[in-house]
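All chains should be built: construct the whole structure from the sequences, respecting the hints.
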Amino acid sequence: MQSIIETLLIGLSNGAVYALISLALVLVWRSTRVVNFAQAGQAMIATYVGFEIASRSQVFWLAVLFAIVAGALIGAGVDYFFMRVLFKHATEGPAAVVAPVIATLGLLGVIRAVVGLIWSSEYRLIEPPVSRNGYTIGETTIPFSPLNTLIIVTVCIVLIVISIIFRRTNLGLALRASAYAPEIAQLAGVRTAQTRTIGWAIAGGIGGIAGMLVSSENYLSPYSLDLLLVFGFIAAVIGGLESMVGAVVGALLLGVLLSLVLNVFGTSATFTSAFLILILVLLFKPDGIVASRKGRRA
Amino acid sequence: MESLLQGRGAVRKRLLFFILLGWALLIVGDRVSNVRLFQGAEIAMFTIALASIVLLTGYSGQVSLGSGAIMAVGGYAAALTITNLQTPIWFAFLMAVLVSATFGAVLGAAAARLSGPYLAGTTLALAVGVPALANQFNFLGGEQGIFFDVGFPPERFGSDFSQDKWFFWISSFLALVSIFITSNILKSRFGRTWQAIRANSLAAELAGIHANRMKILAFTLSSALAGLAGAVLGMNLSLVAPGAYPLSLSFALVTGAVLAGISSLPGVMLGAVILVAIPEIADLVAGGLGDSEKVTTHLPGLIVSVLLIISVIFTPNGPGENIRRILHKKSAH
Amino acid sequence: MIGKNRRKRTWFAAAVLAAGSLFATSVPANANSTGVSSSEIKLGITLPLTGGASFGYKKVGDAMNAYFEYVNENGGVYGRKIKLIIKDDEYSQVKAISETKKLLESDRVFALVGALGTANHKAVAARFGLQRNKIPDLFINTGFSGFANRAQYGTTFPILPSYAMEGKILAKYLKEKYPNKKTALIYQDDDFGADVRVGFATGEYKFTQEVAYSTATIATDAAKIVSDLKTLGAEVVVTFGVTQATGAILGAAARVAFAPQWVLGSVGSDATTLRSLGVPAQVIAGAEGASFLPSPTDTSDEYVKLFQEVNTKYNKNVSFDNNVLVGMNTAMLTVQSLRAAGKNLTRARLISAIQSKGSTFASAGLVPLNYSRTSNVGYNGYWIGKYDSSLVMKPVSGTLEVWTTDSAKGPVVKSNFKRPAMPAKGLPTNS
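Protein chains in written order, with the working numbering: chain Y, 1 to 298; chain U, 1001 to 1333; chain W, 2001 to 2431.
No lab work stands behind these hints, which were simulated from the structure alone. As the structure is a prediction and not an experimental result, all values here were calculated from the model. Be careful, since some hints might not be right.
Claimed, not checked - Just a few of them, taken from the derived set where beta-carbon distance is under 7 Å, the chain W residues facing chain U: (1) Gln2093; (2) Val2094; (3) Ile2097; (4) Glu2105; (5) Ala2119; (6) Ala2123; (7) Ala2126; (8) Arg2127; (9) Gln2131; (10) Asn2133; (11) Ser2214.
We put the CB at the ideal spot given by N, CA and C, even for glycine.
The structure is reproduced here in structure tokens:
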């Protein structure tokens, strides 16, 4: 049995990465009212771009930079070319409820297939900038490595940057306004459509970072980010899709809980427990843990 | 009074239609190869599964990404029944329907409070979590699953009667029966009630409809169908395993439903044919493009996803809607 | 009114479409010589080309094909060229079934050869009634001992020594070499793993700890498994898993500086593949394992030398490892089987030929083949080796010692088997 502290630390490290994805999902949800299932797919392409840079330049942070930029461009592209077309056409009838969900699912499928066709399903390895070997404390080596520390630190920095953008800048104000009250925002001179695209770009960039971090810990393949999507999604829903703080809290909680479950119940209980956690949360708090008081649209 | 008469007459006409269809399939089944028979059985299976989505999403407006999980419940129920209790085939399928309906009722009760993305998220987790349950409990067979053996065709059919034909007969029969029942339900006041709830649940409540109860009923019936489809799937493979009900199955079902018209029951046959045809077409295309493993693995997924996107953007309610719009425009001039 | 008519039309159209799309007449050919023409023999294989378990194993199909090309260019089998159709089953039973269906019914192959994966092949055999329909199922890439059961799998000819055999031989080795150490076994949670546990039980060996893993979650579970074993203080760890799983375990162990004596089960022990999964070389060096073939780097072995040449010329010179060796070895045995069946090639004759002449076939195996009229068992033994610092497996005691046994309660005995010489240029001339 691992010690409690080790379990906690690993859970935090995993949860930190889920937090990035759930944050991106909440960002997109709040600005477009769409759950973007293609988020992990966007992250995947961004990460493959990063992989190409990493294997050529051997500089991890350069690769991350490229991944962020690629992610942002793809995110913006998806919103501009895809979502706008979608909303123009598919707005009536019984399928309107389903259309955005299905469209982003379809997009995920396309991205995965394209990635597979270009890069094949081979496992790709990305060298992290710090060691993957656990810290040695006295006699023992624990499963928590400098890479895990780096992940937690990176996520914290991203969160701080994002919250500064949202609370202290005009852009952040515009993003929040476009999500909550687009008509009023437009009257106040905010160009909501463009702002929304920027929101998608930011979400895409965050996804790129998440992909790079996860892949440097394990490996990269067209399927390696699947878990990230499922857990990031569950984390976002647990946290309540309305709040970014909720997204992060939900993700960290999920990470720690799953780590505990793995430790106590052993292997292959992870999916089932994630699902159970989700059900339990929604049973008692149907709108997520951090239910926003400002009210939400249906 | 008139509507009642209309009701009974329409039902009788529908029954006749299904019986004729059954005869047609019987005759066709005698003339085609084993490969086609197996595909026919697959089409029948998808028909039942798509019908469950039409009922749930098209009519009652609840989005579920977890149909694969409910199919798994039905499949395992049937397999366990046959393997452990050695019952006749029809009993196993009955168990599949009952168990998955019960599961659906519980799920529906929990889901009734959820809306939009929360429901989608829960059902997504369901699709991933339920098949993984098989790894937890030994009697569920773990990753390699349980054999689902419906036995060989009865001897009086002769030795030429292939296993594939037997599967085809059973699948088609179940498909015909379940679609018949479903179409009657959808054309009745239940169907109209669900459509009312989907359009505006508040107004429906005001009109005296118990929205929550009806939504749960929709979940229950839809799950019964999905469970039956799952059992048919297991029969066709002679196996139920987590790998038979992956996340991609749930996605494929949603795709098929949208492609065929999400609230159109006749469309499910078309949707089922498309779902079975796409991998075959993709294989042909891949073969033509050279046998790279990259192409064969990923091309079918690409085609399905692109089709899905195109159809969801341009014909979100099925091609029938677009045709109707064009016809109306023409007649208006 | 209009609505009803249109609805009726849609029903009808849909029905006609569904029924019509099934319409294709074809009369099944004479089953006994399906897949054989005057110029060609069609064979089919399903194995994981993509997906988690594909590491290493994906090379087997191409390796077999390369050897068949070599034979085809040198006269084929009595003038017929061998065509191997390779299908990807992603190590999934469901895909194995659908791909085998294509092989049997669309491609109409003469025989299945080299099918990989215990659970997959059990599902395929059950679904298609291989025994009942008398479909030859040659040299399957799985060591599940149940496949030797002739009542159930009469047309199936295993080639690999069974996992039960490996368990018994390893049990003897562990008892003698590591008598008082804390030992652990990591095994796959299906029939593949169950089989080796039977072997250890028959060999009366008890592990301090036994851990099951699932291929679906091994990537994330490896750290936990390793951590548990480390806490236990395991000194010898036997990994009996597919290469991907073995790689995950070894990699996780490296990260927490857990370095017991590794004993790698034959299925997942290929060094080249493990390296490609990111396992550091120093972790593999010193690991022990069982093998029934010569080391793939041993060019002093005539079979290895020839296969390497074929690999260079016909297989795009991919890195020559155990998987390529196994593939070519199986292909050589296949050619000899086809030849032994005679010019009038039918399924029944092929099966009969292997039963009566299979034990005399030439192959790279350092253990005997046991095919006969009463036994479908192929190889039945192993030698124990240790990876040296350049990752070449050498006999653990310095000289080659081959041990043979059965999958039941028979003893483990030392074998004096002398391998038949390779036919000239590696081209069989048997009949």
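> Once the shortest beta carbon distance from W:Ala2126 to chain U is found, is it less than 7 Å?
Replying inline: At 5 Å from the nearest chain U Cβ, W:Ala2126 passes the 7 Å test, so the hint holds.
> Regarding the hint that W:Ile2097 lies at the interface with chain U, is the smallest CB-CB distance below 7 Å?
Replying inline: holds (6 Å)
>> Tell me if the interface restraint on W:Gln2131 is satisfied: Cβ within less than 7 Å of some Cβ in chain U.
In response: Hint on W:Gln2131: violated, closest Cβ of chain U at ~13 Å, above 7 Å.
>> Quick check on W:Ser2214 please, does its C-beta sit within 7 Å of some C-beta on chain U?
In response: Constraint on W:Ser2214 satisfied, holds at 5 Å.
> Does the nearest C-beta of chain U fall within a distance shorter than 7 Å of the C-beta of W:Val2094?
Replying inline: For W:Val2094, the interface hint holds, since the closest Cβ of chain U sits about 5 Å away, which is under 7 Å.
>> Let's test the interface hint: is any C-beta of chain U closer than 7 Å to that of W:Ala2123?
In response: Status holds, d = 5 Å.
> Regarding the hint that W:Asn2133 lies at the interface with chain U, is the smallest CB-CB distance below 7 Å?
Replying inline: Violated: closest Cβ of chain U sits about 9 Å from W:Asn2133, beyond 7 Å.
> Any CB of chain U closer than 7 Å to the CB of W:Ala2119?
Replying inline: holds (4 Å)
> If you take the shortest Cβ to Cβ gap from W:Arg2127 to chain U, is it below 7 Å?
Replying inline: Cβ of W:Arg2127 sits 4 Å from chain U, so the hint holds.
> Quick one, is the W:Gln2093 hint okay against chain U at 7 Å, beta carbons?
Replying inline: This interface hint holds because 6 Å falls under the 7 Å limit.
> Is the interface hint for W:Glu2105 satisfied, with its Cβ closer than 7 Å to some Cβ of chain U?
Replying inline: At 5 Å from the nearest chain U Cβ, W:Glu2105 passes the 7 Å test, so the hint holds.
In this structure, the earlier hints numbered 9, 10 are contradicted, and the remaining ones agree with it.
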